[in-house]
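Asks: Listed here are the chains, written in short residue letters.
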Amino acid sequence: MLKIGVPSKGRLMEKTFDWFGARGVAMARTGNEREYSGAVEGVGGVELVLLSAGEIPRELAAGRIHLGVTGSDLVRDKLAGWQNQVSEWARLGFGHADLVIAVPAAWIDVDTLDDLDAAAAAFRARHGFRLRIATKYHRLVRDHLTRNGVADYALVDSQGATEGTVKNLTAEAIADITSTGETLRANHLKILSDGPIHQSQATLYAAHNAEWGGPERSALAGLAASLGLPLPVF
Amino acid sequence: MTDRAAIRLEAERLFAAFLSAGAVPVETDILQPAEVLLDLYGEDIRARAYVTADPLMGEMMLRPDFTVPVVQAHMADGAEPARYAYMGEVFRRQESLDARAREYLQVGFEVFDRAAPEADAEVFALISDTLADLNLRPATGDIGILMAAVRGLSTSERRKAALLRHIWRPKRFRALLDRFAGRAPQAAARASLLERLASDAAPALIVQAGPLVGLRSAEDIAERAAALLEDAKTPPIAATEAALIYDLLTLQAPANAALAHLRGIAPMLPAIEPAISAFAARLDALKARGVDVEHLPFEASHGRTTLEYYDGFVFSLLAGDPHLPPVASGGRYDALTAVLGQGRSIPAVGGIVRPELVARLRGGA
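First to last, the sequence lines map onto chains A and B.
To convert, note that position 189 of the first sequence is 189 in full-length UniProt numbering; the numbers rise steadily by one, no gaps.
To convert, note that position 280 of the second sequence is 280 in full-length UniProt numbering; the numbers rise steadily by one, no gaps.
Note that these hints are calculated values from the structure, not bench results.
Virtual Cβ for every residue (Gly too), placed ideally from N, Cα, C.
Check each hint, because a few of them may be wrong.
[Claimed, not checked] Straight line, CA to CA, 30 Å or less: simulated DSS-like cross-link-like pairs of lysine-lysine:
id : chain 1 : residue 1 : chain 2 : residue 2
1  : B       : 171       : A       : 190
2  : B       : 171       : A       : 136
3  : B       : 233       : B       : 160
4  : B       : 171       : A       : 78
5  : B       : 233       : A       : 190
[To be verified] Here chain B is said to cover these stretches of chain A; the calculated rule only asks that three of the stretch's residues, wherever they fall, bring their Cβ under 8 Å from a Cβ of chain B:
id : region
6  : 79-92
7  : 160-170
8  : 211-217
Given these sequences and hints, build the entire structure.
Replies: Listed below in structure tokens is the structure:
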């Protein structure tokens, strides 16, 4: 049986169902409203697994699901060397969000990563500790800052309400997902001008480590035909 | 995979060689407080070390190297001069399955001695003699020369500090140098930033920009704004001086020839003379220990991409296979002892050997 992991609630689930539905693959939750089980119609041999979007990267990596829909930000952040563990099969064109670095709008001297690096050096010299950046995207943010030669910063973990950490003095800057920038502005933050760390969208992935036996391969071929996609490259 | 018993045997042999060279054996904890390492190396160490949590001590790291705990132990209660040897596992986090070892033995030798050139030569000669039968290719360098050259530039202290801060990040260093030397055009973002900063006094601009949140104060911001405006007025580093730094970045020659070349450029950049004398004294000391300095490869940029603490002599001993990490490596880290010594410091140099690679090369596997 080919298992496909799909976000278990919210807009991401609905949009995923819509995307597959528009391509002749009907997905639906079954049972009562609180029960996380689902069904797939229109293509044989496929089982729907409803999961938290945040757990889908891990389940893909472990090969417990063959396919999964989740944000590309989560896959790139949670999986070390993600290209070796999953293949991007299709970008679904919704769930768009940018992972950005934001600093207080009143920092008139900081516009780019270059400025952030210089500000971090001065901040450390004056305050005795590294400039703190609050985020939950540790791998993506650290890789980005290392690649761009930013030093004298420290990442502090923030799993929610990240925009508030600056005001609460637990961080000097943040790195977080934003779609409109509205929450950032409301918290008196601005986005650095040299581009987002990652432009995320909902993406359909195929797991390298899942068991791809005959039944799974033929279900995959059936699904590919319905979706009008070439087979994923492993 | 070379078997672990054979690796352990190589490690013990190396360790014994270091002890008979006069080193005192030292042991360090495997669990190290993360704070010290993070403070020294920054966030990058988090990507390279295993971090774990102790319910009472907070964040801990599995020892990513021995240098820091050995320096700490020496600064706490060591007499000088001192020679130490150690043997044990270090742990390096890897981001891919086929990457380098996550856990491997290191055997090291560290010298805390104020006679720096002799100590450099002692460490290099001891380690290369111990591995002489493997015909490893040596690579050497001296970060101190590049640092002295940067300090000697006739430009603002701020620019020199910025260059020194990024000396271990070659790409970034190069970008800064290109900008300070007027070789790279000013980025559009920087130009518009400067225009804005010049339009009004900083405190007024800060107020206009919105409510100030966070610990970084209006004074911090105004200070950097002033620094940016000042830097915009700073003339580019003179082409002749910049050319000397570019020359140093690419200098690669046998040690004796490199020394002659450096002596040739010293009159144009007198600030590097002490570093060149130290280089010359080191070559004499190496020669006295039987090292062939006529053919010893030297690269002024060698060792700039390692963890950032080497600030003088650096070396590696490499196997023929370019995919293997260095069989041995080391260098001088005087500044690190000052950071960890809380006001005290002592010149220090050391090196490590990876017995796993030695066993593999000896076993012919």
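Asks: Can the restraint linking residue 233 of chain B and residue 160 of chain B be considered satisfied, given a maximum Cα separation of 30 Å?
Replies: With Cα atoms ~16 Å apart, residue 233 of chain B and residue 160 of chain B stay inside 30 Å; holds.
Asks: Per the coverage rule (Cβ-Cβ under 8 Å, at least three residues), is the region 160-170 of chain A covered by chain B?
Replies: Holds, because 3 residues of the region 160-170 of chain A bring their Cβ atoms closer than 8 Å to Cβ atoms of chain B.
Asks: Given the hint that residue 171 of chain B pairs with residue 136 of chain A, does the C-alpha gap stay at or below 30 Å?
Replies: holds (28 Å)
Asks: Counting residues of the region 211-217 of chain A that have a beta-carbon nearer than 8 Å to any beta-carbon of chain B, does the count reach 3?
Replies: violated (count 0)
Asks: Are the Cα atoms of residue 171 of chain B and residue 78 of chain A separated by 30 Å or less?
Replies: holds (27 Å)
Asks: Mind checking the alpha carbons of residue 233 of chain B and residue 190 of chain A for me, to see if they're no more than 30 Å apart?
Replies: The given pair, whose Cα atoms are some 28 Å apart, holds under the 30 Å limit.
Asks: Decide if the proposed pair is consistent with the structure: residue 171 of chain B and residue 190 of chain A, CA atoms, cutoff 30 Å inclusive.
Replies: holds (27 Å)
Asks: Under 8 Å between beta-carbons, do enough residues of the region 79-92 of chain A, three at least, approach chain B for the coverage claim to hold?
Replies: holds (count 3)
Comparing the model with each earlier hint shows a violation of hint 8 alone; every other hint is respected.
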